[in-house]
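Visitor: Put chain W on the given structure of chain X with help from the hints.
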Amino acid sequence: MKDFYGFKPKSQLMLGTAQYPSPSILVSSFKKSNASVATVSLRRESGNINSGNSFWSIIKDLNVKILPNTAGCHTVKEAVTTAHMAREIFNTKWIKLEVIGEEDTLQPDVFGLVEAAKILSEEGFEVFPYTTEDLVVADKLLKSGCKVLMPWGSPIGSGQGLNNIFGLKALRSHFPDIPMIIDAGIGLPSHATRAMEMGFDAVLLNTAVAKAGNPIMMAEAFSHAIVAGALGYQSDPMEPRDMANPSTPIIGKAFL
Amino acid sequence: MNISVNGQRKTISIAKLTMALEELGYKHMKLATALNGEFISVDERNNTNLKEGDKLEVLSPQQGG
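If you read the protein sequences in the order shown, they are chains X and W. With my numbering, letter number 163 in the first sequence gets 163, and the count goes up by one each step, no holes. My numbering runs 1000 ahead of the 1-based position in the second sequence.
FYI, nobody ran anything at the bench for these hints, they're computed from the structure. Note that the structure is a prediction, hence the values are computed from the model and not measured. Treat the hints with care, as some may be off.
To be verified - Distance condition first, Cα-Cα at most 30 Å in a straight line; then the derived DSSO-like pairs of lysine-lysine:
| # | chain 1 | residue 1 | chain 2 | residue 2 |
| --- | --- | --- | --- | --- |
| 1 | X | Lys-140 | X | Lys-77 |
| 2 | X | Lys-31 | X | Lys-10 |
| 3 | X | Lys-118 | X | Lys-93 |
| 4 | X | Lys-211 | X | Lys-169 |
| 5 | X | Lys-60 | W | Lys-1030 |
| 6 | W | Lys-1027 | X | Lys-93 |
| 7 | W | Lys-1055 | X | Lys-77 |
| 8 | W | Lys-1030 | X | Lys-118 |
| 9 | W | Lys-1030 | X | Lys-10 |
| 10 | X | Lys-8 | X | Lys-140 |
| 11 | X | Lys-77 | W | Lys-1030 |
| 12 | W | Lys-1030 | X | Lys-32 |
| 13 | X | Lys-77 | W | Lys-1027 |
| 14 | X | Lys-93 | W | Lys-1055 |
| 15 | W | Lys-1016 | X | Lys-93 |
| 16 | W | Lys-1016 | X | Lys-77 |
Just chain X, same shape as in the assembly:
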């Protein structure tokens, strides 16, 4: 299993912390998922409510690695400033770098992403860039200092799964030694299995669990799905054939 900036996760599932019906369901979902990493964000704090401290007391007890994001940032400056704030508040060099370029699809602004990744990498951040499956962008991100890539499966929160299998296969094949996490668009456990069967190193998801009718059960389903996909990939699957090939031996069949 590849590591992520030296971190070797106990499981290849990374889970978001948003949109759960309640804090207790969030905690139970994490336990069932066996996730190794939790994504978090920074948002405006009202002095009266102190929601940040309440949320943080729940998250730190999950005993998982924290990956802060720059969700909602549309410019390089916004993303870089948010990363600086996240580094201080979460005491980590990790940053899930999002620079959003388009509202309907929440597609990354890959030009801004590369620019922000370079700035942050030079400042010592360990950047997890939320990107597309574009090979040229991937190459530029790696040259900017990123040692992990996070290609999208499909638009954030869409639940569509892996929209461009060909592009993702090409990306995986082109950079075989780079740790890659499929991030966004996963809706079903089978989507996560597919990603792992293709040789990706982890899957990051949120909505598929949090918005399921039974998030705790879905979290457990994803836990199994990730393991199944990873084992399938490591087992060196057979090549598909165009025609049937009997599995029961022909030799010894009776002439009747």
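Guide: This is chain W only, laid out in the frame that chain X set:
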């Protein structure tokens, strides 16, 4: 003086950022701050003075995907 805090107009009587945060009700909280779009670290807060019309962002850990 009047400043903007998380997009809302607030009146404060103390210019020093550390003290102003307390005046605004942010006591003993896990916070990150930005002033006029620039990150202000915890260490810098004590040397940062607010002025009329400043835009202060006060952020805390929240749920994220």
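Visitor: If a hint holds in the structure, say so; if it does not, say that too.
Guide: Okay, the hints, checked on the actual structure:
no. : hint                      : verdict
1   : X:Lys-140 with X:Lys-77   : holds, 19 Å
2   : X:Lys-31 with X:Lys-10    : holds, 13 Å
3   : X:Lys-118 with X:Lys-93   : holds, 14 Å
4   : X:Lys-211 with X:Lys-169  : holds, 28 Å
5   : X:Lys-60 with W:Lys-1030  : holds, 13 Å
6   : W:Lys-1027 with X:Lys-93  : holds, 26 Å
7   : W:Lys-1055 with X:Lys-77  : holds, 16 Å
8   : W:Lys-1030 with X:Lys-118 : holds, 28 Å
9   : W:Lys-1030 with X:Lys-10  : holds, 28 Å
10  : X:Lys-8 with X:Lys-140    : holds, 25 Å
11  : X:Lys-77 with W:Lys-1030  : holds, 23 Å
12  : W:Lys-1030 with X:Lys-32  : holds, 28 Å
13  : X:Lys-77 with W:Lys-1027  : holds, 28 Å
14  : X:Lys-93 with W:Lys-1055  : holds, 27 Å
15  : W:Lys-1016 with X:Lys-93  : holds, 29 Å
16  : W:Lys-1016 with X:Lys-77  : holds, 25 Å
Checked against the numbered hints given earlier, the structure satisfies every one of them.
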